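Trainee: Going down the list, the protein sequences come from chains Z and C.
To convert a position in the first sequence, counted from 1, into my numbering, add 249.
To convert a position in the second sequence, counted from 1, into my numbering, add 492.
Hints in this document: simulated from the structure, not taken from any laboratory.
In this text the structure is predicted, and so the values were computed from the model without any measurement.
Heads up, the beta-carbon is just placed ideally off N, CA and C, and yes, glycines get one too.
One thing to keep in mind: the hints can contain errors.
[As the list claims (entries may be wrong)] Below are the DSBU-like pairs computed for lysine-lysine, each with C-alpha atoms no more than 30 Å apart in a straight line:
(1) C/K753 <-> Z/K461
(2) Z/K454 <-> C/K757
(3) Z/K372 <-> Z/K461
(4) Z/K372 <-> Z/K454
(5) C/K753 <-> Z/K372
[To be verified] Taking CB as the label site, the calculated pair distances span:
(6) Z/K372 <-> C/L687: 42 to 48 Å
(7) C/V678 <-> Z/G286: 53 to 59 Å
(8) Z/S460 <-> C/F523: 19 to 25 Å
(9) Z/R374 <-> C/G562: 26 to 32 Å
(10) Z/G286 <-> C/R526: 42 to 48 Å
(11) C/G585 <-> Z/Y260: 27 to 33 Å
(12) C/L687 <-> Z/Y260: 55 to 61 Å
(13) C/G562 <-> Z/G286: 34 to 40 Å
(14) Z/Y260 <-> C/T719: 49 to 55 Å
[As the list claims (entries may be wrong)] So, partial list: chain Z residues that the calculated Cβ filter (under 10 Å) puts toward chain C:
(15) M250
(16) A411
(17) G412
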Amino acid sequence: MITVQNLSKSYGSFRAVDDVSFTCRPGAVTGFLGPNGAGKSTTMRIIAGLTPQDSGQALVSGVPYREVPNPGTQVGVLLDASAQHAGRTGREILTIGARTMGLPLTRVDEMLELVSLTDSESKRRVRNYSLGMRQRLGIAHALLGDPKILMLDEPANGLDPAGIHWMRSLLREYANRGGTVLLSSHLLHEIQIIADEIIVIGNGKIVRQGSKDELLDAAGTYVQAEDPSALARALTAAGLTASPQGQGLATEATPLEVGRAAAAAGVVLVELRKADGEGLEEMFLQLTAPNQRDQFTNGVPA
Amino acid sequence: MSTTTAPATVDTSAPGVPLSRLVRVEVRKAFDTRAGFWFSTSILILCALALTFFVSFVPIDTLTFTNSTGVAGGVLGYFLPIIPILLVTSEWGQRTGLVTFTLEPRRSRVVLAKFAAGVIISLAVIVVAFALAAGILGIGSVFRDGSVDWSISGHLIFNFVLSNVIGVFLGFAIAMLLMNSPAAIVGYFVYSLVLPIVVGIVSGLVEWFRDLAPWIEFNTAQNPLFTGDMSPTGEEWAQLATSGLIWLVLPLTFGVLRLLKSEVK
Ligand SMILES: Nc1ncnc2c1ncn2[C@@H]1O[C@H](COP(=O)(O)OP(=O)(O)OP(=O)(O)O)[C@@H](O)[C@H]1O
Ligand SMILES: [Mg+2]
């Protein structure tokens, strides 16, 4: 369990993290989604006790991270896969971790195998690692002490599609065993693949949070008809608001409501489906555009 | 997805990371990169070269074990403090601090472990340098006619070790203050090479400064450890204390306090 309450952090007059609150529950993978510079890494560094917050608190199972004894064995953290001494081999980096945590060195081999780094790769210096190999090493490092809580900053960054699916099953299994996972990404589709719960952050503020299904359901409906203007009239008549999108219309109403309205007016539909994250995607794109915060927080479609 | 096991909680009564383990890890980190390994090794190679040169060319009747260790000590004096510097600054230059302080959030213990590791490695290097001095002098005395004075005073050994430990302490303090490898190394050489010259010149010109210098300048204050009868007077110990406060304790205190509060990224 990770609990963040009213967390704020400013750099000078710039508020990098602004009154952020959320909870990551055990048994679920929580995705922390936000565009570049949204404050994801800063929040995670505060949770790990590396950055002091200005106000609010961040707790792991009710305890500040700094008070967790031998934290590597209880909370697995990957903050930046490239923050390693370039001159050390991957195996040596895991060995240092294992020695610090007081683990048997067999753990090193187990973890290397888990993340599919071969023996010869593990003896290469990290300087010569590809981005994906570094990520795998970082994940191995986070899992080294067999922690019950995991916090990974952009772990899928640099992984190939197969790697992302591998990570999904790894984290899925981990959560199913009762583990708590918080992972960040700036890519919606990555989070969609891996997470159960989604927290969206933009400009330091939490703008959305909920289960993936909730957020995707809330994204509305996409509908396309043989006669677009007849469809528009039908929806208006049924009291549904819609806006043009591509060849059809997007609306916040459910597919059922839209289908009924169309049937009542005898409009022939060509396509009718859940918007499936398109609403989320659009919200996310708005977040990414600069200076959109006010417009965004005041008037985003639900 | 539903959970099948009880929610995981953090065990706050679990044992923390013992200091001894942190120290061992820090010693390991000083040697597990090519740069780290070769730095310590190069110091010893340099020692061996200087000793070979010294033993080969110095008039045999002036060749003693005491001045041979002095040669080794000269080399160590310049380079040994760089070991603790790299131990500290690499955490920032290579950003490994992110992992180090995640695995041990009690930062002051990491600092303590690094200091202990610096002292342990330095003592080991000193022992090897002593052995090199004895070995090379021994070999030299076989090839050269005449006998060598093998006597050495406990005093000298003590001061030799003391000055090198002070050097290690100093390197550590400068590194904690500057947190950057090149800056700390330059800072150390400015302190050990440039500063004494400047202080010497100013002391020659300004009389009141000459009296003040040993109280505030650590190099000057250390002179009584190595000159004359090598046993400082009470006043000289007091000067070591005040200048040591300025050059060791203040930067170290400032560096540690800053580290405890700062953000690691
Ligand atoms: N030490 C600092 N001084 C000034 N600004 C900072 C500092 N650290 C972070 N910031 C700013 O805080 C904001 C949040 O940064 P953060 O690294 O948390 O973003 P992020 O969500 O992790 O982004 P990304 O997806 O690019 O990793 C950024 O605008 C960043 O420039
Ligand atoms: Mg980031």
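Trainee: Holds or violated: are the alpha carbons of C/K753 and Z/K461 at most 30 Å from each other?
Mentor: The given pair, whose Cα atoms are some 38 Å apart, is violated under the 30 Å limit.
Trainee: Between C/V678 and Z/G286, is the Cβ distance one that fits in 53 to 59 Å?
Mentor: violated (34 Å)
Trainee: Against the range 55 to 61 Å, how does the distance between the Cβ atoms of C/L687 and Z/Y260 compare: consistent or not?
Mentor: Given a distance of about 36 Å, which is not inside 55 to 61 Å, the answer is violated.
Trainee: Hint check: is the beta carbon of Z/M250 less than 10 Å from a beta carbon of chain C?
Mentor: holds (6 Å)
Trainee: Are Z/A411 and chain C close enough, Cβ to Cβ, to be under 10 Å, as the hint says?
Mentor: Violated. Min distance 22 Å.
Trainee: Tell me if the interface restraint on Z/G412 is satisfied: Cβ within less than 10 Å of some Cβ in chain C.
Mentor: violated (22 Å)
Trainee: Quick check: does the Cβ-Cβ distance between Z/G286 and C/R526 fall within 42 to 48 Å?
Mentor: violated (36 Å)
Trainee: Range hint 26 to 32 Å: satisfied by the CB atoms of Z/R374 and C/G562?
Mentor: Violated, since Z/R374 and C/G562 (Cβ atoms, about 39 Å apart) do not stay within the stated range.
Trainee: For the range 49 to 55 Å, tell me whether the beta carbons of Z/Y260 and C/T719 fit it or not.
Mentor: Because 52 Å falls inside the window, the suggested range holds.
Trainee: Range first: 27 to 33 Å. Now tell me if the beta carbons of C/G585 and Z/Y260 are that far apart.
Mentor: With a Cβ separation near 22 Å, C/G585 and Z/Y260 fall outside 27 to 33 Å, so the hint is violated.
Trainee: Between the alpha carbons of Z/K454 and C/K757, is the straight-line distance 30 Å or under?
Mentor: Since the Cα atoms of Z/K454 and C/K757 sit roughly 21 Å apart, the hinted pair holds (cutoff 30 Å).
Trainee: Okay, Z/S460 versus C/F523 on CB: inside 19 to 25 Å?
Mentor: violated (50 Å)
Consistency with the previously given hints fails for numbers 1, 3, 4, 5, 7, 8, 9, 10, 11, 12, 13, 16 and 17, ordered from lowest to highest.
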